[in-house]
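Undergrad: Each chain, written out:
2 protein chains.
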Amino acid sequence: MAPSHDDKAVSEVRDGSAAKRPISNILFVIAMQTEASPLVEKFQLTEQPDSVFPEGVSWVRYSGKYNDLNIDIVCPGKDKTLGVDCVGTVSAALLTYASIQALRPDLIINAGTAGGFKAKGASIGDVFLVSDVAFHDRRIPIPVFDLYGVGAREMYSTPNLAKELSLKVCKLSTGDSLDMTPEDEASILANNATVKDMEGAAVAYVADLFKVPAILLKAVTDLIDGEKPTAEEFLQNLASVTSALDQTTTQVVDFISGKCCADL
Amino acid sequence: MAPSHDDKAVSEVRDGSAAKRPISNILFVIAMQTEASPLVEKFQLTEQPDSVFPEGVSWVRYSGKYNDLNIDIVCPGKDKTLGVDCVGTVSAALLTYASIQALRPDLIINAGTAGGFKAKGASIGDVFLVSDVAFHDRRIPIPVFDLYGVGAREMYSTPNLAKELSLKVCKLSTGDSLDMTPEDEASILANNATVKDMEGAAVAYVADLFKVPAILLKAVTDLIDGEKPTAEEFLQNLASVTSALDQTTTQVVDFISGKCCADL
Chain A
14 MAPSHDDKAV SEVRDGSAAK RPISNILFVI AMQTEASPLV EKFQLTEQPD SVFPEGVSWV
74 RYSGKYNDLN IDIVCPGKDK TLGVDCVGTV SAALLTYASI QALRPDLIIN AGTAGGFKAK
134 GASIGDVFLV SDVAFHDRRI PIPVFDLYGV GAREMYSTPN LAKELSLKVC KLSTGDSLDM
194 TPEDEASILA NNATVKDMEG AAVAYVADLF KVPAILLKAV TDLIDGEKPT AEEFLQNLAS
254 VTSALDQTTT QVVDFISGKC CADL
Chain B
14 MAPSHDDKAV SEVRDGSAAK RPISNILFVI AMQTEASPLV EKFQLTEQPD SVFPEGVSWV
74 RYSGKYNDLN IDIVCPGKDK TLGVDCVGTV SAALLTYASI QALRPDLIIN AGTAGGFKAK
134 GASIGDVFLV SDVAFHDRRI PIPVFDLYGV GAREMYSTPN LAKELSLKVC KLSTGDSLDM
194 TPEDEASILA NNATVKDMEG AAVAYVADLF KVPAILLKAV TDLIDGEKPT AEEFLQNLAS
254 VTSALDQTTT QVVDFISGKC CADL
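Protein sequences, first through last, are from chains A and B.
Counting in the numbering used here, the first sequence runs from 14 upward without gaps.
Counting in the numbering used here, the second sequence runs from 14 upward without gaps.
For the record, the hints were derived by calculation from the structure and aren't laboratory data.
A portion of the hints provided could be inaccurate.
The list treats identical chains as one, so a pair stands whether inside a single copy or across any two.
[As the list claims (entries may be wrong)] Here are the simulated lysine-lysine pairs, PhoX-like style, with alpha carbons at most 25 Å apart:
#	residue 1	residue 2
1	Lys131	Lys272
2	Lys93	Lys184
3	Lys33	Lys272
4	Lys55	Lys184
5	Lys91	Lys33
6	Lys91	Lys224
7	Lys181	Lys91
8	Lys93	Lys224
9	Lys133	Lys224
10	Lys133	Lys184
All of these numbers come straight from a predicted model, not from anything done at the bench.
Next up, chain A with everything else stripped away, as it sits in the complex:
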């Protein structure tokens, strides 16, 4: 029997040939509508009325062609009862999983806002390329389970991308809270993270299950070790920082265009 499309995709991932094929399908996983909208406009994508997702979910998909790339942006959408964006690891993991199954991307980009540590050199508006992820709110003090909880993971290496665009590179720590307890802080320090978000490590976990290369771009909306309360600072800077994120993201996509993953 001839190999099916899926078998082919899997075997290409296994033998590494996928990494040497020009990137064709990029999947953006973006948690908040405010973060996604400017990119949807920039890449002139349109919302897809016939969902590739099952009935019941709030997930939204925007698609289109930009240069030679097929771009999909998926967002978890609004909680059906409460009307707010479905942020956090569970929604991000589910959406990444379902999108990989339905869209078979060559590359995933998780772009979003994050808190930054000024003690580690972060400033408001900085856009970081993430080298490593880990979780800071999954403490399981049993040997080996402790490592599983932290879930430290190196991201797909993109040295040419980092160099060409002069991107700042740092480690990311992910947790389901916007605020930070002393225990979270200790874990974030142990993770050696400069930025903290609510989705990155979950997206990376699912991408890694299926060996899809993933790039994480995180823009700093608030300084966790600054003087202002996180929630206030986050809301204040969300729009302006999102625009910095969009600029970098566009540069990243322009750089990717025509290349294969191994060239990044």
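Place chain B on chain A using the hints.
TA: Okay, now just chain B, sitting in the frame of chain A:
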């Protein structure tokens, strides 16, 4: 066009007729192999070599017939790098999602171990039927997002089941850590929970997306407000408490047999 199987399932959920049809397919979502094995044996299920799940995941499925019921038990399996059970909300949510899509269960049962509060009346070995779930480690101090983070949810009402089997009923709070910080404790108190686990609210969230009735059974392995360290007490009681859980779970399945969801 004739409605497809899926369309039929969706419309039955919508008009409530599914609730009045005898339950045929039960899906157990169980986080740890130690929790699942005795039930696999009890119901004489066999591991399915042809996975309904995509290549790349560690998820395991056991299937078989027990009385008039088709029973599937799914477990997240072992982390491919670390070899420990993939506990926690992300794995549980992904597995529940994929299993609903592949197996179209009439009813989901999430059975597992939990920590209990003796101040709320819990003792080691107690098996609770969960009336309500919420998360205790998703603090988002922005109006409405705060409620989304807590994600409080009433479980499918099963008054006859609770009465017939004299089950203790309580609220469950879910988080990704085995231990408990002061902030977790405050949230658990606010959630009015008697037991705390690492998966329940995530399973309930996904089941609710697709309107699949779900029953949560939680057996107390350790007293959070007791004197012994949680991890030690958990490991000490895991095997014996799992046996109490299996006994109750079997009674629940025997009660369900021949009934429809509305009769529970």
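Undergrad: Hint by hint, which ones does the structure fall short of?
TA: Violated hints: 1, 4, 5, 7, 9; rest satisfied.
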